[in-house]
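Line by line, the protein sequences are chains A and B. Add 56 to a position in the first sequence, counting from 1, and you land on the number used in our numbering. Add 15 to a position in the second sequence, counting from 1, and you land on the number used in our numbering.
Check before you lean on any hint, since a few could be wrong.
To be verified - FRET-style restraints, in silico, Cβ to Cβ:
| hint | chain 1 | residue 1 | chain 2 | residue 2 | range |
| --- | --- | --- | --- | --- | --- |
| 1 | A | SER96 | B | THR295 | 55 to 61 Å |
| 2 | B | GLY502 | A | GLN261 | 46 to 52 Å |
| 3 | B | GLU578 | A | GLY251 | 54 to 60 Å |
| 4 | B | THR295 | A | GLN261 | 49 to 55 Å |
Claimed, not checked - These stretches of chain B come out as covered by chain A in the derived footprint (C-beta under 8 Å, 3 or more residues):
| hint | stretch |
| --- | --- |
| 5 | 79–88 |
| 6 | 198–210 |
| 7 | 269–281 |
| 8 | 571–579 |
It is worth saying that the hints were derived from the structure and are not from the lab. Where is the CB? At the ideal position from N, CA and C, for every residue including glycine.
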Amino acid sequence: MHSSLWLSLLLILPLLGAALAGLVRARANASYRVGVAVASLETVLALVVAVLYRSNVPGAGTFDFMGRWVLAAPFGLAYDVALDGISLLMVVLTALVVLVALFGARDTRREGAFVAWLLLLTSFTMGSFLAHDLLEFFIFFELTLVPAYFIVSQWGAAQRARAALKFFVFTFTGSAFLFVGLLYLGLAHQHQTGGALTFSYSALQSTAMSSSTATWLFVAFAIAFAVKSPIWPLHTWSPLAYAEAPTAGSIELSALLAKLGSYGLLRFAVGLLPLAQVHVRPVMLTLAVIGIVYGSALATTTPDLKRLVAYSSLAQMGFITLGVMTGSKIAMVGAVLLMFNHGVITAGFFLIIGFMERRRGVGVSIRDLSGWQGPAPVLAGLFTVVMMASIGLPGLSGFVSEYLILIGAFATHAWWAVVGALGVVLAALYLLWAYQRVFHGRTSEPIEDATTSERWALVPIVALIVVLGVFPRPVLDRISPSVQQVIEHVAPAGVSK
Amino acid sequence: MAHLATLILLLPLAGFLFVLVNGKRMGERAVGAVATGAVGLSFALSVAAFFSLLGDSSREVTVHLFTWISVGTLHVPAALLMDPLSITMSLFVTGISALIHLYSIGYMHGERDFRKFFLYLNLFVFSMLTLVLANNLVLTFVGWEGVGVCSYWLVSYYFDRDSAASAGKKAFIYNRVGDVGLLVAMFLLFSHLHTLSYLSVFAGAGHLDPTVATLVVLALLLAATGKSAQIPLFNWLPDAMEGPTPVSALIHAATMVTAGVYLLVRMSPVLALSSSGRATIATIGALTAFVAATIATSQRDIKKVLAFSTVSQIGYMVLAVGAGAYSAAIFLMVSHAFFKALLFLGSGSVIHSLHGEQDMRKMGGLSKYLPLTFPTFLIGWLTISGVPPFAGFWAKGDVLTNAYGYSKLLWVLGVLTAVLTAYYMSRLFVLTFRGTERFRELTHGAEPHESPWVMTLPLVVLAALSVLGGGLDLPWVHHASLAGFLGPTFGYVASGPGPTTATQYALGTVDVIAALLGLAAAFAVWRSRSEDPRFERRFLERVWFWDDAYDAVIATPLRAGTEVATTLIEPRVIDGAVSGLAGGVRRSAEGLRKVQSGFVRHYALAMVLGVSVIVVYLVARVG
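Just need the whole structure built from these sequences, with the hints factored in.
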């Protein structure tokens with residue numbers, strides 16, 4: 057087993073970076089440089105951890121880098137970190153996305169504070185993905201709200217105050233359910249063992265409970281995660297928040313914070329409450345496919361590109377939920393891969409929309425644009441790659457994950473998978489429509505093509521889209537054992553009913 | 016063999032990558048030469064692979080490249096299957112592609128995105144080869160979608176034209192509907208057989224439940240109707256004529272649109288399990304052949320006539336598949352690739368000479384100005400009309416003879432289609448090359464002139480192939496020719512005794528009469544006029560109101576539904592319910608917001624302080 061220090065480093069580095077960025081904010085460009093440097097370092101660190109990771113640590117299953125310190129025993133508060141194939145992918149995504157957001161969506165208004173909030177958000181997100189303790193996870197999960205709220209409300213567009221508040225109220229209300237649920241679970245566990253109060257993930261996994269208790273706890277957990285993901289019908293904060301946030305904020309919200317929802321659903325709701333599966337599965341699967349169809353349908357009508365990506369994300373999160381909830385290993389591996397791929401793809405979308413806003417001002421309406429492919433062929437080409445990945449073109453990353461989810465889900469829940477497959481048609485419908493409106497046709501305006509730094513910002517995204525489409529094996533091989541472990545924990549309960 | 020197969024596949028990709036990286040520094044000639052050379056070389060290697068396979072005793076060689084996806088029980092290698100079917104496909108795909116690449120050097124000369132055109136074209140050939148050489152359904156799907164996206168890019172090539180942009184999108188979306196069929200077929204097969212590689216699926220096909228087998232066949236048929244433009248998904252193909260003419264010839268006539276037929280033929284061992292599935296296939300094929308032929312009689316755009324003709328001819332192929340005559344389907348596919356590519360390229364040459372005009376009413380009398388285009392087009396016309404001894408007569412005859420054995424009703428439909436085919440093609444021929452010269456306005460009185468050699472050479476080669484193509488599978492050497500070569504790859508279909516020689520001669524005579532009837536009718540009507548509402552029905556011109564029907568049945572309700580969602584469900588129902596539920600929290604939050612410092616700020620500060628304390632404590636403890 058590797059030292060947990062690696063993970064602590066991942067957590068502390070952006071925290072220090074945030075402090076430093078705040079301190080040097082008076083000097084021009086200094087905080088920006090600090091931000092990019094720290095994010096680059098964090099990315100390198102995450103990749104080193106990814107290479108070091110071993111999925112067969114004796115006695116720890118697929119968890120590596122484990123470490124636990126009890127901080128306040130009476131409250132069951134502990135610092136407990138571990139990394140498995142699932143969180144590994146999320147950690148790499150977190151580091152990469154913040155780097156891309158800082159570099160590609162630079163915002164020079166009060167830059168010190170902006171960079172500091174972004175790095176703080178990175179640290180909290182890291183914490184959520186690394187937490188091996190339910191209470192610890194909850195604390196980090198809640199903490200992410202703070203920087204996210206300020207990024208939207210301080211740097212957002214015209215309706216930023218309303219968007220930030222709606223985001224905050226939805227998420228905060230959802231979390232209340234999670235908080236009650238986790239307290240109940242922790243206390244129930246303490247009651248059974250008669251020992252100290254603990255929220256340790258591995259300890260809570262052995263909590264005995266009736267299937268109806270499990271179902272109620274699942275509902276409480278799922279509400280919080282459904283808001284964050286978002287899962288239909290708790291998604292209505294997201295189009296507003298994604299549209300009003302500054303580009304970097306939209307990227308963080310959709311690429312990362314959304315994954316906290318689906319990650320939480322997989323790790324804690326499914327992982328800790330196997331007995332709930334039988335009861336909640338049909339409901340969750342139905343909500344998932346409604347999300348796919350509903351999100352896609354609304355994406356066909358919205359004239360705002362950011363809202364379009366928001367609705368498209370609702371559909372994509374529907375695919376992820378479908379994969380997480382079917383109980384099929386293939387589908388669940390696909391869902392974890394899609395968490396990563398969607399993060400990369402959606403970051404690409406928002407970056408490019410950010411570039412377009414630089415040229416045409418905030419609040420780009422599809423209706424006002426036309427013919428950009430003529431003057432800006434490189435920008436059009438980059439958008440095409442991201443769009444085709446999102447549509448699920450084989451050879452690009454989106455296909456592998458979507459295909460795994462659907463083929464896995466079909467074996468256990470054929471009809472849901474078939475309806476989900478319609479999402480494949482609808483995705484082509486709304487994205488090609490948007491592309492036609494923006495890039496096809498004529499324009500007399502002189503539109504500047506993608507600049508060198510804009511191209512560089514998209515290099516990692518395009519590279520990941522292509523590489524994970526053609527050669528997803530190294531990633532799949534890291535996810536599979538961890539998903540297997542979850543399934544083994546869940547499946548017996550699911551079968552016995 | 017392994018190296019050959021890999022190189023056949025990768026050469027067009029190499030051409031694509033080379034032009035992508037170096038294209039900015041290359042002139043038109045260099046780009047054209049590299050792209051054409053890559054595909055030409057791929058063709059040469061296909062020929063080599065063909066002879067190597069002939070000498071191979073097993074005639075089924077699997078080439079493993081790398082493991083693409085592997086999760087749980089799902090193993091999808093990137094692997095190729097070289098067998099008589101895939102080698103036949105790769106021979107004509109690379110051969111025709113090379114000719115059309117050459118033609119495009121002349122046709123696309125001076126276009127804004129000349130380089131990009133060849134990029135797409137090479138990528139298309141790579142995708143098409145992936146489709147036909149794949150050893151499993153998932154990899155075939157990669158090629159299947161790949162050719163679809165190349166088609167999207169090439170149809171909307173003139174992206175500043177709204178009609179072109181819309182046509183590209185329409186093509187992609189119709190294809191996607193079909194793709195759901197292929198996805199579902201894969202899901203069904205995988206959940207019952209736990210494998211998706213062709214050879215293992217065929218080996219295990221016997222264990223399939225008959226209902227499942229029928230569902231798989233119907234799902235495959237849906238896929239085929241999308242890609243191969245059959246009823247009910249056929250109406251994207253005529254719109255796709257917005258693309259440059261070489262694209263119409265290559266993608267929308269010779270190769271991509273026949274992929275659906277290829278898929279069905281490839282899956283013939285599964286088709287063998289469902290007679291109701293095959294009956295559906297045969298019916299769809301015959302109906303499409305007939306419907307599209309009626310529409311072709313009333314189109315005025317030269318390329319639209321050819322497009323509907325393609326739909327109709329693929330209908331014949333699908334009919335053949337349904338009838339279990341797989342080798343007849345491939346025979347017609349290959350001959351069709353020859354003569355339809357010839358006709359499209361010939362029409363391109365005509366359009367080129369008239370500065371882009373496609374309306375046949377403004378043509379006429381061109382025979383004396385286009386000394387090479389005219390005779391080659393004449394051969395193409397006679398071939399598709401089913402006049403012996405050209406390839407079309409033999410290939411279509413093979414299909415119709417088999418249809419006769421399968422169902423008399425579908426055979427009658429097939430013969431009627433043959434009459435219509437001869438009619439609309441002769442109409443096209445007469446309106447374009449014979450009669451009065453109606454083009455003077457377009458050319459400002461000048462005389463149209465013949466295209467450069469890069470364009471006429473492919474015409475000559477294709478004309479020669481159309482003349483001689485029948486030799487691939489003449490009835491009296493049936494077992495020593497294409498049918499005999501392909502035979503072992505097909506699933507077993509129980510068939511009665513074949514038609515007697517006398518029946519074959521009788522059916523052949525019927526085919527000739529059908530062709531002559533169509534020819535005569537067309538000459539009688541169109542020798543003396545260029546338009547006539549009595550023979551150009553609005554119902555036919557408007558494609559049986561097919562698009563309008565889809566608009567009314569699918570698009571309008573969808574729009575209405577999303578309208579309700581945006582204006583009612585989203586803001587009123589969901590937000591209403593949620594804010595009702597969370598009412599207390601919301602009110603308190605909003606109340607607090609009015610206080611200047613704000614609840615959120617305090618909360619945030621407390622959280623940040625809290626976490627800082629935790630972190631300092633942690634660092635001290637861990638360190």
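Structure-based check of each hint:
| no. | hint | in the structure |
| --- | --- | --- |
| 1 | SER96(A) <-> THR295(B): 55 to 61 Å | holds (59 Å) |
| 2 | GLY502(B) <-> GLN261(A): 46 to 52 Å | violated (59 Å) |
| 3 | GLU578(B) <-> GLY251(A): 54 to 60 Å | holds (58 Å) |
| 4 | THR295(B) <-> GLN261(A): 49 to 55 Å | holds (52 Å) |
| 5 | 79–88 | holds (count 8) |
| 6 | 198–210 | holds (count 7) |
| 7 | 269–281 | violated (count 0) |
| 8 | 571–579 | holds (count 5) |
Figure legend: structure checked against the earlier numbered hints; hints not met, in rising order: 2 and 7.
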